[in-house]
Amino acid sequence: MPKISAQQRFIGTALLVLLSVLLNLGSHHSQKNPQMGELYPFYNWRLMPFPEMDVPKERFLLAYKKQKNLNWEVFSLKKYQTQFEIYLKKYESKVYSAAQLKEEISTFFPFEVHNFKIVREIYSPQKIIRGQHETSREDFVLFE
Amino acid sequence: MKHLEKILSFLSSQPAWAVSLSPAYQSRRDWRKLVNFYCADKLLLVYVLFWIYKRLSYRVFVFPSRSLDFFTAQSLTARYFLEYMLREEIWYALLIPTVLSAILLWKYSGSIVLRVTLFVGVALLKLPEESFGYHGHGDRFLMLLLFLWIFAFPSLKLKSSAWRSTSQSYDMLLTGLLFSYFLAGYWKLYPMLLYHPWNQYFEKDGFLTWLSVDAFWLTSFMHFYPADLDISPASLAFEYRYVFQILVVLTILMQCLAFIGAWRRPLLLVFVPVILLFHQLSQYFLLVNFGNKVLLLLVTFPYHLFFFKKSIPEASIKESQFRGKYAEAHYERKYEQGMQDSYKSSYAYRAYLEDKHNAVYILMYLPFICSVLHLSWKVFKKNKATESTSDRH
Numbered sequence: 001m002p003k004i005s006a007q008q009r010f011i012g013t014a015l016l017v018l019l020s021v022l023l024n025l026g027s028h029h030s031q032k033n034p035q036m037g038e039l040y041p042f043y044n045w046r047l048m049p050f051p052e053m054d055v056p057k058e059r060f061l062l063a064y065k066k067q068k069n070l071n072w073e074v075f076s077l078k079k080y081q082t083q084f085e086i087y088l089k090k091y092e093s094k095v096y097s098a099a100q101l102k103e104e105i106s107t108f109f110p111f112e113v114h115n116f117k118i119v120r121e122i123y124s125p126q127k128i129i130r131g132q133h134e135t136s137r138e139d140f141v142l143f144e
Numbered sequence: 001m002k003h004l005e006k007i008l009s010f011l012s013s014q015p016a017w018a019v020s021l022s023p024a025y026q027s028r029r030d031w032r033k034l035v036n037f038y039c040a041d042k043l044l045l046v047y048v049l050f051w052i053y054k055r056l057s058y059r060v061f062v063f064p065s066r067s068l069d070f071f072t073a074q075s076l077t078a079r080y081f082l083e084y085m086l087r088e089e090i091w092y093a094l095l096i097p098t099v100l101s102a103i104l105l106w107k108y109s110g111s112i113v114l115r116v117t118l119f120v121g122v123a124l125l126k127l128p129e130e131s132f133g134y135h136g137h138g139d140r141f142l143m144l145l146l147f148l149w150i151f152a153f154p155s156l157k158l159k160s161s162a163w164r165s166t167s168q169s170y171d172m173l174l175t176g177l178l179f180s181y182f183l184a185g186y187w188k189l190y191p192m193l194l195y196h197p198w199n200q201y202f203e204k205d206g207f208l209t210w211l212s213v214d215a216f217w218l219t220s221f222m223h224f225y226p227a228d229l230d231i232s233p234a235s236l237a238f239e240y241r242y243v244f245q246i247l248v249v250l251t252i253l254m255q256c257l258a259f260i261g262a263w264r265r266p267l268l269l270v271f272v273p274v275i276l277l278f279h280q281l282s283q284y285f286l287l288v289n290f291g292n293k294v295l296l297l298l299v300t301f302p303y304h305l306f307f308f309k310k311s312i313p314e315a316s317i318k319e320s321q322f323r324g325k326y327a328e329a330h331y332e333r334k335y336e337q338g339m340q341d342s343y344k345s346s347y348a349y350r351a352y353l354e355d356k357h358n359a360v361y362i363l364m365y366l367p368f369i370c371s372v373l374h375l376s377w378k379v380f381k382k383n384k385a386t387e388s389t390s391d392r393h
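Going line by line, the protein sequences match chains A and B. Note that the first sequence covers residues 1 to 144 in my numbering. Note that the second sequence covers residues 1 to 393 in my numbering.
So that you can see chain A by itself, here it is in the shape it has in the complex:
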């Protein structure tokens, strides 16, 4: 095998650096929603890096319920309609059927899931300081 000089190794390293930068830029560019919170409502709870989340199905259901109870109120689902549908499709065969999921959501929100909007802010600084993060549904004004 031919020997490679130190200078050639330097050029090789420089090319690898260039390649890594291009790959990084490319991977960012290929994301449709580069903002980290874009997919928030369907954040992969079952895949959270906590060890206790490692038992997927049951944990996922539990985490999903938690997420729903705590947070769904603050999202305007209109924005997430498409992602929601993708989500349904993705997990249709695995965790929930689409019908099951829709049913569960509709039991929580007694109206069509895509047609509501939040009009009241809930996260006031005072609440945070007091640590009152157990919100109740009465806090919100929802309408179709």
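Treat the hints as calculated values from the structure; they're not laboratory data. Among the hints, a few may not be true.
As the list claims (entries may be wrong) - Ranges of calculated distance between the beta carbons of each label pair, as one might list FRET restraints:
#, chain 1, residue 1, chain 2, residue 2, range
1, A, Gln7, B, Glu319, 32 to 40 angstroms
2, B, Lys356, A, Leu15, 37 to 45 angstroms
3, A, Lys3, B, Glu83, 36 to 44 angstroms
Where a beta carbon is used, it is the ideal one built from N, C-alpha and C, also for glycine.
Could you slot chain B onto chain A? The hints should help.
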């Protein structure tokens, strides 16, 4: 190659018009870098073995309890290899050449084949874990490092003619590593100036940016609250929100500048501890665990201060002299071997302060500081000369 030299002198803030370095200085500098490169390489190999041990324990103790239903092909590579990687015998069969290559690289550190084997092996061993859908920040850092390390040949037995290129390889390699921080900072510039992800689900008046005082604590809150975790870190972030506002902006700026440190090593004395602190804080306040952050310290640590001290090429300074002021300043360092280093203008001040161990010199390595100082002194001098001429008239 001339253009390359120009780029490198610009990156290392040593323009030819202001800085003239003796061969003695250069060989000492290159040798130190080589020693650092050598030590970093050996420790990296030890770290990889430790990392493989962690993966093995995961495979034995955690992996069997995970449901295979949740495997998702996260990438093109995963799509092709996942089916095979899920099979136990394939995974263990891959483990053997990976461990062997890490061990053999101790002896044959110039072998590109072994380095490629190590990189590919590490990437594939991690694949089943990644395909549970969780892409860790930390292991990407290790993989990037192993990828960039493919052409590395840090040997202390190299001929002195190869020191320069090898030490430059080390600089380049650190550039690649730290450039990942630049990109992290770069992708935050848009939310810093215009937009913050919180806006999409927090419908309040106006919009939020990373410059806003509420940006950090809200982000912190959003990491704890939905997971139903104790939100006291977010409360703390709220209490000191003005401090965090400044810290966030400074962190983003420092991330953008981090790669310059690869060519101006004194800057790493500040950047590396600050980046590590940033990782610790983001772990506490944002639950962002950057697993292999210790690698940053491991590959940038100044080992030459502790190891192979006696092997540093001799170049004892006979005398040093600083004369002149501002743009006319001149600093010379004379060696007993008859060679000398000379610096002009702001670069003279920087070298003088460095020799006096005054920490201000580190700041002068920040981009454009020396150039701006030099230009402003020139302009000031020109204005003064014009004023005195007009007074005489």
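Checked hints:
1. Distance hint check: the CB atoms of Gln7(A) and Glu319(B) are about 36 angstroms apart, consistent with the given range 32 to 40 angstroms.
2. Between Lys356(B) and Leu15(A) the beta carbons are some 40 angstroms apart, a value that agrees with the proposed interval 37 to 45 angstroms.
3. A hinted range of 36 to 44 angstroms for the beta carbons of Lys3(A) and Glu83(B) is consistent with their spacing of about 39 angstroms.
In this structure, none of the earlier numbered hints is contradicted; all agree with it.
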